[in-house]
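A.B. asks: Got chain A sorted already, so can you dock chain B onto it with the hints?
Those protein sequence lines, which keep their order, are chains A and B.
This note's numbering numbers the first residue of the first sequence as 1 and each following residue consecutively.
This note's numbering numbers the first residue of the second sequence as 1 and each following residue consecutively.
These are computed hints drawn from the structure, not numbers from a lab.
For clarity, every value in this text was computed on a predicted model and none was experimentally measured.
Accuracy of the hints is not assured; some may be wrong.
Unchecked claim - Non-contacting residues of chain B with respect to chain A, defined by C-beta distances greater than 12 Å in every case (computed):
(1) Glu9
(2) Cys41
(3) Asn61
(4) His89
(5) Met157
(6) His194
(7) Lys212
(8) Asp214
(9) Thr268
(10) Ile327
(11) His346
(12) Pro370
(13) Pro378
(14) Lys403
Claimed, not checked - Result set (DSBU-like, lysine-lysine): computed pairs, CA atoms no more than 35 Å apart in a straight line:
(15) B/Lys323 to A/Lys28
(16) B/Lys318 to A/Lys40
(17) A/Lys21 to B/Lys145
(18) B/Lys145 to A/Lys28
Even for Gly, the Cβ is constructed at its ideal location relative to N, Cα and C.
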Amino acid sequence: MLFDDWMDRYDYLIEQGKNLKALDPLLKTEDILIKGCQSKVWLHASVNEEKKVIFEADSDAVITKGMIALLIRVFSNQKPEDIEKADINFLNEIGLKEQLSPTRSNGLHAMVRQMKIYALAFQSKLNNLQS
Amino acid sequence: MTNLIYNPEIIRKQFPILKSRVNDRPLIYLDNAATTQKPQCVIDQIVTYYTEVNANVHRGNHYLSSLATEMLENSRSYIKTYLNAAHSHEIIFTRGTTESINLISNVFGEARLQPGDSVLITEMEHHSNLVPWQMKSTVHGARLKVAPINEEGELMMDELAGMLTDDVKILAITHVSNTLGTINPVKEIVSLAHEKGIPVLIDGAQAIPHMKVDVQDLDCDFYCFSGHKVYGPTGIGILYAKEKWLEELPPYQGGGEMIESVSFEKTTFNVAPFKFEAGTPNIEGGIVLAEALKFIDAAGISLVGLHEKALTDYATTKLLQTKGMRIIGRAKEKTGVISFLVDGYHPGDIGILLDKMGVAVRVGNHCTEPLMRKFNIPGTVRASFACYNTFSDVDIFIEALNKTLQMLR
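Just chain A, with the same shape it has in the complex (with noise of 0.2 Å):
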């Protein structure tokens, strides 16, 4: 049914949320907030020693921080060039329509487009180290 279709779903997503590694406080700053007219989100990402990007985030609404934590299982501990390149289509198929309008500052889109910011960043600096 379609009824219990969009509740687990949403069940799911509140779970993933609540149990999202908590972002240590002194990182909540200001410079790494996507302010949005309903929710904020804080992205922080930092590069390993294995060169990988490692992300982090908080959100003060629980189901937009269920969605981080969807994009971090798939984006976090990732190369950067792997993270740039990433085909972002599966968004589509995991039944979040409503969560993708281009138009919601906070959607997974904006999200998306910051993490990919943060790789884009990091590939230039690693690329300006080796030459």
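C.D. replies: Just chain B now, with coordinates in the frame of chain A:
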């Protein structure tokens, strides 16, 4: 609970969209403060206009042009009567409340604002009655002053009176708060301001759908509202400007319709209202707006107001049974707007899940960011009622809210 005179079930039947299903649930539309749905008579007249009337106005000498012009001017005249304005030329067609306020802030700023002057607004203004004044104040070297509200979301009248000083050139104030539902005592405020010789602009966007407005009784200088919030089309609104201002204030935009004669050296301007209506107006919107007002007049605006008040009281009582419920805006005089938060829950999460259950509410700062900052909250969930909402809508909304909180717990 059924009102013997006012039956929302009958009214409801006139709104085809309310039969929709959303996410496989019957639509419960509680976002009326953002925009109202349209009755069949309004939809029909839009179709009629384009199938039988469409032509440009005020200049053609052919049959359809005369017909369109006559219908648009009849609408202006109806709106004049509806607002009890003294003259039809005091009724100016705009795109909506926002454009009405921008028009006045521009032309009034040009005519009257000097360095050292102030514009007085209040803490509960919508961004559209704040930003235009801020922009014009900056241009003319004037400053913006803000009258405070109390914790209940009511204007602090003594403070407001004290702020009506010589430097204040205009007071711009909302009739009803879109976020709090507070009804401001605008008649009393206009009288206080006029004692000091200060003109008053009233943002009536949230008042017109819920109560009878008489601009001569209020004695305000300017009154603004939008068609789409009162069962009419989007992209049409009204600026009422008292006759004494029509000569003094310069034109807003330049273009066709607003001129009397044009040469490369000099242009002379048309008389009001055309002086303020450059370009081809929203003819369809202007004509159909009168139809929307006729609809609400036939339903009985004061009965609508009473019905919405009853729904608000009923919903408020039910909401307060929820643990951690916090209602923002508890003014003694308020319309059918309930802004709320539940401790421990983000309004955005509540909005998403309510939508999944077919309940449309608004979530966010409602274009009143400074007001959210005053209450130190991230935003609210806002349910707002219209003539077609029923007690059953409230029950379904409350049930969906309980389910939502259960899922988020």
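A.B. asks: Take the hints in turn and mark each one as holding or not.
C.D. replies: Structure-based check of each hint:
At roughly 26 Å, the least C-beta separation between B/Glu9 and chain A is larger than 12 Å, which holds for a residue marked as non-interface. Listed as a non-interface residue, B/Cys41 keeps its Cβ farther than 12 Å from every Cβ of chain A; the least gap is roughly 32 Å. Listed as a non-interface residue, B/Asn61 keeps its Cβ farther than 12 Å from every Cβ of chain A; the least gap is roughly 45 Å. For B/His89, the condition that its CB be more than 12 Å from all CB atoms of chain A holds, with the nearest at approximately 40 Å.
Chain A leaves B/Met157 outside its interface by the beta-carbon criterion, the shortest separation being 32 Å against a cut-off of 12 Å. Against the 12 Å criterion, B/His194 stays outside the reach of chain A, whose nearest CB is about 38 Å from its own CB. At roughly 34 Å from the closest C-beta of chain A, the C-beta of B/Lys212 stays outside 12 Å, upholding its exclusion from the interface. Once the 12 Å rule is applied to beta carbons, B/Asp214 is consistent with being away from chain A; the minimum gap is 36 Å.
Every CB of chain A lies more than 12 Å from the CB of B/Thr268, the least distance being 44 Å, so the non-interface label holds. Distance check for B/Ile327 against chain A: the nearest CB is about 20 Å away, which clears 12 Å, and the non-interface claim stands. B/His346, annotated as away from the interface, has a beta carbon of chain A within 12 Å; the closest lies near 4 Å. With a minimum CB-CB distance of about 15 Å to chain A, B/Pro370 clears the 12 Å threshold, and the non-interface call stands.
Residue-level check failed: B/Pro378 sits 6 Å from the nearest beta carbon of chain A, not beyond 12 Å. A Cβ of chain A approaches the Cβ of B/Lys403 within 12 Å, the least distance being about 9 Å, so the stated non-interface status is violated. About 30 Å separates the Cα atoms of B/Lys323 and A/Lys28, which keeps this hinted pair within 35 Å; it holds. A threshold of 35 Å between alpha carbons decides the hint, and for B/Lys318 with A/Lys40 the separation of about 30 Å falls inside it, so the pair holds.
Our distance criterion of 35 Å between C-alpha atoms is broken by A/Lys21 and B/Lys145, whose separation comes to about 45 Å. For the proposed pair B/Lys145 and A/Lys28, the alpha carbon gap of about 34 Å is at most 35 Å, so the pair holds.
In the structure shown, a violation is registered for the earlier hints numbered 11, 13, 14 and 17, in ascending order.
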